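Chain residues, written in single-letter form:
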Amino acid sequence: AQSVTQLDSHVSVSEGTPVLLRCNYSSSYSPSLFWYVQHPNKGLQLLLKYTSAATLVKGINGFEAEFKKSETSFHLTKPSAHMSDAAEYFCVVGGSQGNLIFGKGTKLSVKP
Amino acid sequence: EAGVAQSPRYKIIEKRQSVAFWCNPISGHATLYWYQQILGQGPKLLIQFQNNGVVDDSQLPKDRFSAERLKGVDSTLKIQPAKLEDSAVYLCASSLVGGAYEQYFGPGTRLTVT
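These protein sequences, in sequence, are chains A and B.
Counting with the working numbering, you get residues 1 to 112 for the letters of the first sequence.
Counting with the working numbering, you get residues 1001 to 1114 for the letters of the second sequence.
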């Protein structure tokens, strides 16, 4: 069965500093992995997706993630945080029927 | 293109009452999903439709929850009777085809059961 574990429930950074949100996955086959972002009172938005092509995946708003099979990880990074990045971020693995299996989320706070 | 529409956006009911949520997916999207997101958790799939047929409803509490997708387009999710633990945001999502993973989410309906 597929699952994801987000290692931090809350991450706080200063504006202009790097962002690292950690995610480990478990899958019985080569996984499809995603990061979604949820701003307050807004719908979930796809940031990026990995579907067995390049291991370094670039997404929207300067985010990227690296698929590391040996570490079963798919961490999300951004070189420089912006105030507008404050939101909840979900690491997601694709299920066997096209459904999505979400992690518990990491709340990112950005201090001025 | 228009996104996934949901209504109402907010609903407050008392326990044991019934409630219904409505979802209109993106035009042409064959697959529709309902998720439940409890505060502090990630969304959990309740039911998945392919056109107007059910693909997966293994996590739908069928003693109180029901869902239908009329003519393969709009969908309604109903809870009867509601319990306190049903307080959550109910998200609808759609995708062009099943198994494609590229899902587009609506803004959700926040349900509070008192």
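The hints are simulated quantities; they were obtained by calculation from the structure and are not laboratory data.
The structure displayed is predicted, hence computed values, not measured ones.
Watch out, some of these pointers could steer you wrong.
[Claimed, not checked] Ranges of calculated distance between the beta carbons of each label pair, as one might list FRET restraints:
hint	chain 1	residue 1	chain 2	residue 2	range
1	B	Ala-1002	A	Ser-70	42 to 48 angstroms
2	B	Tyr-1010	A	Ser-9	23 to 29 angstroms
3	B	Ser-1007	A	Pro-18	22 to 28 angstroms
4	A	Leu-56	B	Ile-1012	44 to 50 angstroms
5	A	Gly-16	B	Val-1073	42 to 48 angstroms
6	B	Leu-1096	A	Ser-28	25 to 31 angstroms
7	B	Lys-1044	A	Ser-28	15 to 21 angstroms
8	A	Glu-71	B	Tyr-1010	39 to 45 angstroms
9	B	Glu-1068	A	Thr-17	29 to 35 angstroms
10	B	Ile-1012	A	Gly-16	38 to 44 angstroms
11	B	Glu-1014	A	Thr-72	26 to 32 angstroms
12	B	Arg-1016	A	Ser-26	26 to 32 angstroms
13	B	Lys-1062	A	Ser-96	19 to 25 angstroms
[As the list claims (entries may be wrong)] For lysine-lysine, the following BS3-like pairs were computed, each having C-alpha atoms within a straight-line distance of at most 27 angstroms:
hint	chain 1	residue 1	chain 2	residue 2
14	A	Lys-107	A	Lys-49
15	B	Lys-1044	B	Lys-1011
16	A	Lys-69	A	Lys-42
17	A	Lys-42	B	Lys-1078
18	B	Lys-1062	B	Lys-1083
19	A	Lys-104	B	Lys-1071
20	B	Lys-1078	B	Lys-1062
21	B	Lys-1071	A	Lys-107
22	B	Lys-1044	B	Lys-1071
23	B	Lys-1078	B	Lys-1044
24	A	Lys-107	B	Lys-1062
25	B	Lys-1044	A	Lys-49
26	B	Lys-1011	A	Lys-104
27	A	Lys-69	A	Lys-107
28	B	Lys-1011	B	Lys-1078
29	B	Lys-1062	A	Lys-68
30	B	Lys-1083	A	Lys-42
31	A	Lys-68	A	Lys-42
32	A	Lys-104	A	Lys-69
33	B	Lys-1062	B	Lys-1011
34	B	Lys-1044	A	Lys-68
35	B	Lys-1078	A	Lys-104
36	B	Lys-1015	B	Lys-1083
37	A	Lys-104	B	Lys-1044
38	A	Lys-69	A	Lys-111
39	A	Lys-58	A	Lys-107
40	B	Lys-1044	A	Lys-42
Even for Gly, the Cβ is constructed at its ideal location relative to N, Cα and C.
Hint-by-hint comparison with the structure:
no., hint, in the structure
1, Ala-1002/B - Ser-70/A: 42 to 48 angstroms, "43 angstroms, holds"
2, Tyr-1010/B - Ser-9/A: 23 to 29 angstroms, "26 angstroms, holds"
3, Ser-1007/B - Pro-18/A: 22 to 28 angstroms, "40 angstroms, violated"
4, Leu-56/A - Ile-1012/B: 44 to 50 angstroms, "46 angstroms, holds"
5, Gly-16/A - Val-1073/B: 42 to 48 angstroms, "46 angstroms, holds"
6, Leu-1096/B - Ser-28/A: 25 to 31 angstroms, "26 angstroms, holds"
7, Lys-1044/B - Ser-28/A: 15 to 21 angstroms, "20 angstroms, holds"
8, Glu-71/A - Tyr-1010/B: 39 to 45 angstroms, "42 angstroms, holds"
9, Glu-1068/B - Thr-17/A: 29 to 35 angstroms, "49 angstroms, violated"
10, Ile-1012/B - Gly-16/A: 38 to 44 angstroms, "41 angstroms, holds"
11, Glu-1014/B - Thr-72/A: 26 to 32 angstroms, "45 angstroms, violated"
12, Arg-1016/B - Ser-26/A: 26 to 32 angstroms, "39 angstroms, violated"
13, Lys-1062/B - Ser-96/A: 19 to 25 angstroms, "21 angstroms, holds"
14, Lys-107/A - Lys-49/A, "20 angstroms, holds"
15, Lys-1044/B - Lys-1011/B, "20 angstroms, holds"
16, Lys-69/A - Lys-42/A, "32 angstroms, violated"
17, Lys-42/A - Lys-1078/B, "22 angstroms, holds"
18, Lys-1062/B - Lys-1083/B, "14 angstroms, holds"
19, Lys-104/A - Lys-1071/B, "34 angstroms, violated"
20, Lys-1078/B - Lys-1062/B, "10 angstroms, holds"
21, Lys-1071/B - Lys-107/A, "39 angstroms, violated"
22, Lys-1044/B - Lys-1071/B, "25 angstroms, holds"
23, Lys-1078/B - Lys-1044/B, "16 angstroms, holds"
24, Lys-107/A - Lys-1062/B, "32 angstroms, violated"
25, Lys-1044/B - Lys-49/A, "19 angstroms, holds"
26, Lys-1011/B - Lys-104/A, "24 angstroms, holds"
27, Lys-69/A - Lys-107/A, "25 angstroms, holds"
28, Lys-1011/B - Lys-1078/B, "13 angstroms, holds"
29, Lys-1062/B - Lys-68/A, "39 angstroms, violated"
30, Lys-1083/B - Lys-42/A, "25 angstroms, holds"
31, Lys-68/A - Lys-42/A, "31 angstroms, violated"
32, Lys-104/A - Lys-69/A, "21 angstroms, holds"
33, Lys-1062/B - Lys-1011/B, "21 angstroms, holds"
34, Lys-1044/B - Lys-68/A, "26 angstroms, holds"
35, Lys-1078/B - Lys-104/A, "25 angstroms, holds"
36, Lys-1015/B - Lys-1083/B, "5 angstroms, holds"
37, Lys-104/A - Lys-1044/B, "10 angstroms, holds"
38, Lys-69/A - Lys-111/A, "33 angstroms, violated"
39, Lys-58/A - Lys-107/A, "21 angstroms, holds"
40, Lys-1044/B - Lys-42/A, "17 angstroms, holds"
The earlier numbered hints that this structure contradicts are 3, 9, 11, 12, 16, 19, 21, 24, 29, 31 and 38.
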